[in-house]
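Q: In terms of this note's numbering, the sequence shown is residues 1 to 421.
Since the hints were derived computationally from the structure, they do not count as laboratory data.
Do not rely on the hints blindly, as some may be mistaken.
What the hints assert, rightly or not - Straight-line C-alpha distance at most 30 angstroms; calculated DSSO-like pairs for lysine-lysine:
#  : residue 1 : residue 2
1  : Lys6      : Lys62
2  : Lys368    : Lys414
3  : Lys208    : Lys312
4  : Lys245    : Lys230
5  : Lys376    : Lys337
6  : Lys376    : Lys394
7  : Lys70     : Lys6
8  : Lys406    : Lys342
9  : Lys230    : Lys293
10 : Lys219    : Lys288
11 : Lys62     : Lys219
12 : Lys322    : Lys342
13 : Lys322    : Lys17
14 : Lys368    : Lys394
15 : Lys376    : Lys312
16 : Lys17     : Lys376
17 : Lys342    : Lys414
18 : Lys312    : Lys17
19 : Lys236    : Lys293
20 : Lys208    : Lys245
21 : Lys312    : Lys4
22 : Lys17     : Lys414
23 : Lys394    : Lys414
24 : Lys406    : Lys322
Claimed, not checked - Here are the in silico distance ranges between beta carbons for each label pair:
#  : residue 1 : residue 2 : range
25 : Gln216    : Gly107    : 34 to 42 angstroms
26 : Arg270    : Gln176    : 34 to 42 angstroms
27 : Ser364    : Glu159    : 52 to 60 angstroms
28 : Glu187    : Lys6      : 30 to 38 angstroms
29 : Asp320    : Arg179    : 49 to 57 angstroms
30 : Gly72     : Leu137    : 44 to 52 angstroms
31 : Ala172    : Lys322    : 49 to 57 angstroms
32 : Leu11     : Lys62     : 20 to 28 angstroms
33 : Gln176    : Thr36     : 39 to 47 angstroms
34 : Asn92     : Tyr112    : 27 to 35 angstroms
35 : Leu363    : Gly71     : 53 to 61 angstroms
Quick caveat, the model's predicted, so the values are computed rather than measured.
Heads up, the beta-carbon is just placed ideally off N, CA and C, and yes, glycines get one too.
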Amino acid sequence: MYQKIKGTEDLYGGEMKYWYWIEERARKLSLLYGFTEIRTPIFEDTKLFVRSVGQDTDIVQKEMYTFEDKGGRSITLRPEGTAPVVRAFVENGLITQGFPQKYFYIGPMFRYERPQSGRQRQFHQFGAEIFGSPSALADAELIAFVDRFLRDIGLVDFEIHINTLGDAEDRANYRQALREYYAQHLENLCDDCKARYERNPLRLLDCKVDVQYAEQAPKLIDYIGDSARKHYEELKSLLDALGIKYVEDPRLVRGLDYYNRTVFEVHHHRLGAMSAIAGGGRYDNLIKEIGGKDVPALGFAAGMERLILAIKAENVHVDDVKINEVYIAHFGGEEVKIEAMKLAQQLRREGIAVNLEIMERGLSAQLKNAARTGAKLCIIIGENEIEQDIVLVKNMETGQQLEFEKDFVVSGIKDLLAELE
Numbered sequence: 001m002y003q004k005i006k007g008t009e010d011l012y013g014g015e016m017k018y019w020y021w022i023e024e025r026a027r028k029l030s031l032l033y034g035f036t037e038i039r040t041p042i043f044e045d046t047k048l049f050v051r052s053v054g055q056d057t058d059i060v061q062k063e064m065y066t067f068e069d070k071g072g073r074s075i076t077l078r079p080e081g082t083a084p085v086v087r088a089f090v091e092n093g094l095i096t097q098g099f100p101q102k103y104f105y106i107g108p109m110f111r112y113e114r115p116q117s118g119r120q121r122q123f124h125q126f127g128a129e130i131f132g133s134p135s136a137l138a139d140a141e142l143i144a145f146v147d148r149f150l151r152d153i154g155l156v157d158f159e160i161h162i163n164t165l166g167d168a169e170d171r172a173n174y175r176q177a178l179r180e181y182y183a184q185h186l187e188n189l190c191d192d193c194k195a196r197y198e199r200n201p202l203r204l205l206d207c208k209v210d211v212q213y214a215e216q217a218p219k220l221i222d223y224i225g226d227s228a229r230k231h232y233e234e235l236k237s238l239l240d241a242l243g244i245k246y247v248e249d250p251r252l253v254r255g256l257d258y259y260n261r262t263v264f265e266v267h268h269h270r271l272g273a274m275s276a277i278a279g280g281g282r283y284d285n286l287i288k289e290i291g292g293k294d295v296p297a298l299g300f301a302a303g304m305e306r307l308i309l310a311i312k313a314e315n316v317h318v319d320d321v322k323i324n325e326v327y328i329a330h331f332g333g334e335e336v337k338i339e340a341m342k343l344a345q346q347l348r349r350e351g352i353a354v355n356l357e358i359m360e361r362g363l364s365a366q367l368k369n370a371a372r373t374g375a376k377l378c379i380i381i382g383e384n385e386i387e388q389d390i391v392l393v394k395n396m397e398t399g400q401q402l403e404f405e406k407d408f409v410v411s412g413i414k415d416l417l418a419e420l421e
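When you get a sec, could you build the whole thing from the sequences and use the hints?
A: Right, here's the structure in full:
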């Protein structure tokens, strides 16, 4: 008996309606905002992630699924979506197509983490990237997009946190200030923070254990230069003008090295410690860092599994997937089977979901199966119906049975389904 790998899930049945719900709204809204879809491989050269995400990040140090392929190359399953999209942008010469360029993606990511609610080793993200604009208008547009997306999928109980990381010199000065501050507490820090102190002091602010030290640490905003500060103030003014509520979070730094200036996260109030459902920010230096030209950029990603948890926590009504509006039951010879198949095809061409009996059971068993699969209507065709050029249609909820002439069955079914909406 084979079992799924720890940290992965089988998705099927009623659970799929949540995935369709989110994906359909993500694609529709992305197109409304001018984003086009991009699909990248699920594995890349390991050096891409080491260079972009950062050698000293937890992702690179602890979480990547890395292996050597048969050609002796070091390959990594993508742990996040931005670096592959940037690689595709550079490799395919998309810079020649003018600016801005806006892409979205939906797909699986892989990180070796301790599985828990909302965190899997194979997880899924919806994300978007904007290339070419250094303006705070782009930051505001992206955050507005995220806010609208979350509301489109039915969420209201969330909070947007924003901060600025400043520019490279600002962050260097701030890292030094953090090291000087934490040096006096070093022996009392948890083991992870002791490692972060050496490798990536900004991550000290994210620790869930040594919270008391983070609360008293120097504030990043006090080390931000004039240019980055002006950008941040303009972003806040634009969000205010749009009526988008946000919380300024001076401890928000995000976990990837490529971020600069604007960073943001969205937290859902009903998800406890794993409250982050989306996040992103600017990465103006990343495209140049991996071999492209100097192009400013920004993006975000939302975790699909956590979005589903939030939807369930808020009891959002999610439409069932239309997989069986009509069930066609039939009994008799070859002619009956052919007529049943033809009618199924006619109805499907009209956009009606049809489940055709293919097990050749008795009528009673077919009706039970129609009820089990949630059909609204059951069409019944036998040899008598073929002779009379009619079909019988049973309302599966009320039990009412109607008779339709063959030439009018499609229009009749459409009318009945409309009444049942």
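Q: All the hints need checking, so say for each whether the structure fits it.
A: Now for the hints, and whether the structure bears them out:
1. Lys6 - Lys62: Given that 30 angstroms is the threshold and the Cα spacing comes to 17 angstroms, the pair holds.
2. Lys368 - Lys414: 23 angstroms, holds
3. Lys208 - Lys312: Distance ~26 angstroms between Lys208 and Lys312 Cα, so the pair holds.
4. Lys245 - Lys230: 20 angstroms, holds
5. Lys376 - Lys337: Status holds; Cα separation ~21 angstroms.
6. Lys376 - Lys394: Within the cut-off at roughly 9 angstroms; holds.
7. Lys70 - Lys6: 25 angstroms, holds
8. Lys406 - Lys342: The given pair, whose Cα atoms are some 12 angstroms apart, holds under the 30 angstroms limit.
9. Lys230 - Lys293: 25 angstroms, holds
10. Lys219 - Lys288: 29 angstroms, holds
11. Lys62 - Lys219: 28 angstroms, holds
12. Lys322 - Lys342: Measuring from Cα to Cα gives roughly 20 angstroms; hence the hint holds.
13. Lys322 - Lys17: 9 angstroms, holds
14. Lys368 - Lys394: 12 angstroms, holds
15. Lys376 - Lys312: Roughly 26 angstroms between the alpha carbons, so the hint for Lys376 and Lys312 holds.
16. Lys17 - Lys376: Holds, at about 18 angstroms.
17. Lys342 - Lys414: 17 angstroms, holds
18. Lys312 - Lys17: 12 angstroms, holds
19. Lys236 - Lys293: 29 angstroms, holds
20. Lys208 - Lys245: 25 angstroms, holds
21. Lys312 - Lys4: 24 angstroms, holds
22. Lys17 - Lys414: 23 angstroms, holds
23. Lys394 - Lys414: 14 angstroms, holds
24. Lys406 - Lys322: 24 angstroms, holds
25. Gln216 - Gly107: 34 to 42 angstroms: 41 angstroms, holds
26. Arg270 - Gln176: 34 to 42 angstroms: Once the Cβ atoms are compared, 39 angstroms apart, the range 34 to 42 angstroms for Gln176 and Arg270 holds.
27. Ser364 - Glu159: 52 to 60 angstroms: Roughly 55 angstroms apart at Cβ, these two residues keep to the hinted range, so it holds.
28. Glu187 - Lys6: 30 to 38 angstroms: 35 angstroms, holds
29. Asp320 - Arg179: 49 to 57 angstroms: With a Cβ separation near 55 angstroms, Asp320 and Arg179 satisfy 49 to 57 angstroms, so the hint holds.
30. Gly72 - Leu137: 44 to 52 angstroms: Hint holds: Cβ distance 47 angstroms, inside 44 to 52 angstroms.
31. Ala172 - Lys322: 49 to 57 angstroms: Roughly 56 angstroms apart at Cβ, these two residues keep to the hinted range, so it holds.
32. Leu11 - Lys62: 20 to 28 angstroms: Once the Cβ atoms are compared, 26 angstroms apart, the range 20 to 28 angstroms for Lys62 and Leu11 holds.
33. Gln176 - Thr36: 39 to 47 angstroms: Roughly 42 angstroms apart at Cβ, these two residues keep to the hinted range, so it holds.
34. Asn92 - Tyr112: 27 to 35 angstroms: At 30 angstroms between Cβs, range holds.
35. Leu363 - Gly71: 53 to 61 angstroms: 59 angstroms, holds
Violated hints are absent here; each numbered hint is respected by the structure.
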